[in-house]
Amino acid sequence: MIRKTSASLLVLSLIALLLLAFLYVGASAKGDQESRLAGPAIVHATLSALYFMRLARVKSRSTAVWTFFGAFEFLRGSVVPLLILYVGQDPVPYRDYGSYSSAEKVLWVGVIYFAAVFLFSFFAMRSKTPSSKLTSPVGGRSLRTGVTDRVIVILMCLGIVGLVLRFPSVDSLWSFVTIEDYRVLQSAGQDVQSGIAQLTSNLLRPMLPLAIALLLVRRREKSGKLSFLLIIVLLIVSYFSLGSYGLNRATLLIPLVGVLASYIIYFDIEIKFRRIVWVSLLAGLAFIQIGSFRSELFAPSGAYVAEGSWLRTTVQTVLLYGQSPLQTAIIFDGSYWPGGTVIASILSPIPGIGEVWRNDTGTAFYNQLIYGNSLTRDQILLSWLEVFLSSNIVGLLLFAVILVVAFKIVQVIHDRASSFVSIYASVLLIAFASQVSITSINAFIQSFIYLVLVPLSLSFLDGARSDKHATLVLGRSSDCG
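Every letter in the sequence shown is one number past the one before it in numbering that gives the first Met the number 0, and letter 365, counting from 1, is 364.
Treat the hints as calculated values from the structure; they're not laboratory data. Warning: the hint list may mix true and false statements.
Here are the computed lysine to any residue pairs in the SDA-like style, where the Cα-Cα straight-line distance is at most 25 Å [stated by the list, open to error]: (1) K224 <-> L259; (2) K104 <-> S456; (3) K221 <-> A285; (4) K407 <-> S417; (5) K104 <-> K407; (6) K407 <-> S456.
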């Protein structure tokens, strides 16, 4: 499966240690306000270095979810403060930032959260079986997608129904191709009213690119060749099926990268490190460019449009999506924060019952503080910070325990995946679960429901079917003996 590389983890540890020196120098050269961020950032960078060193010693076939979680945490708690120290964060129209003293509080809460996850992960990362005795489920097995041809056809038909509901006319389809107005990006589209039709469309659309990906794998299994025509179809279908969720970058890019990663794992393809670097750079570039395009479209509603050189624009994008503490600091500057928003955030993404909870989520109150109105909600509230605001340090520690248990479950699911659909489901789980530090509770649950639930359910059905088949085979062998 996705195998850990001890050397790469040690390199990450060295990078974290190197960052300590830059943080110290940056703090010395800045004024009292900016230097406030250096203290918690230095502690966080130290924890990150120890975390990756510990991870490099874990005897397990796969530590992908732990590695990516650590990388995103390193970005949020160490790299982002460093960029603020050296580059600064540009002001955003129609939006207020918090004070540096409150930003320091956010970072210290983040340090406690990361330290708790690190501490509890000591027990979860333990493996009684040496890595040398762990055999990959990919090698030495017969290839199977994990679904029948009938299921692929059903997925394709349901996905097409979802697309038709999203784009019920040629004009609505063409307006999405020639995007000139941010309203075209809204989930309901121009011609589809909110309600049952929108809900059905949101649930069904991701099934179409999944069906195309399964066809791509099935073609490789039968002919031994990669179908470039199906790749083009997959990209086009993904743009309309996944890009129509407001052109959300994670929703569009993560499933595509997930298909690529699953394809490589499933066929046990050896990939050179430089190619991985190039793919990562291209994905990062696409992430930034799509974000810039969305910002320009949403600018009339108050979104941020960065000005200046491409490098500065990139840095500002990293600060925004790395969840700069100056953004969330406004919460501690405010005088009121309602309790119990976590329950609303958990229930709000659930189809059919979520609508009544959406005005009471932490994200809703957070955007109210930022913009001073309840109309614009384009910013997310960090999951762990919302837990802390709702239940203080006890809730934060409990959240860390739940997270570690969830990561362990994700790791087991990935290690045991053998069919393509189960590998794909586990890769998506890793991708979304590892980002929990820089995303909100409701955004994670929404991604799970719309993008992960279907392939995960198919993988469980495939596992049950395989176990039943194995039991029958063993039973017949016993009878013969």
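* Holds or violated: are the alpha carbons of K104 and K407 at most 25 Å from each other? -> Roughly 30 Å separates the two Cα atoms, so the pair is violated.
* To do: Could you grab the alpha-carbon distance between K104 and S456 and see if it respects the 25 Å cut-off?
  => violated, 41 Å
* **Distance restraint between K221 and A285, which requires alpha-carbon spacing of 25 Å or less** => violated, 33 Å
* **Proposed proximity, S417 with K407 (alpha carbon, max 25 Å)** => This hinted pair holds, its Cα atoms lying about 18 Å apart.
* Asked: Does the structure keep K224 and L259 at a Cα separation of 25 Å or less?
  -> Given that 25 Å is the threshold and the Cα spacing comes to 15 Å, the pair holds.
* Between K407 and S456, does the CA-CA distance stay at or below 25 Å? -> holds, 19 Å
Hint compliance for this structure: hints 2, 3 and 5 are broken, all remaining hints hold.
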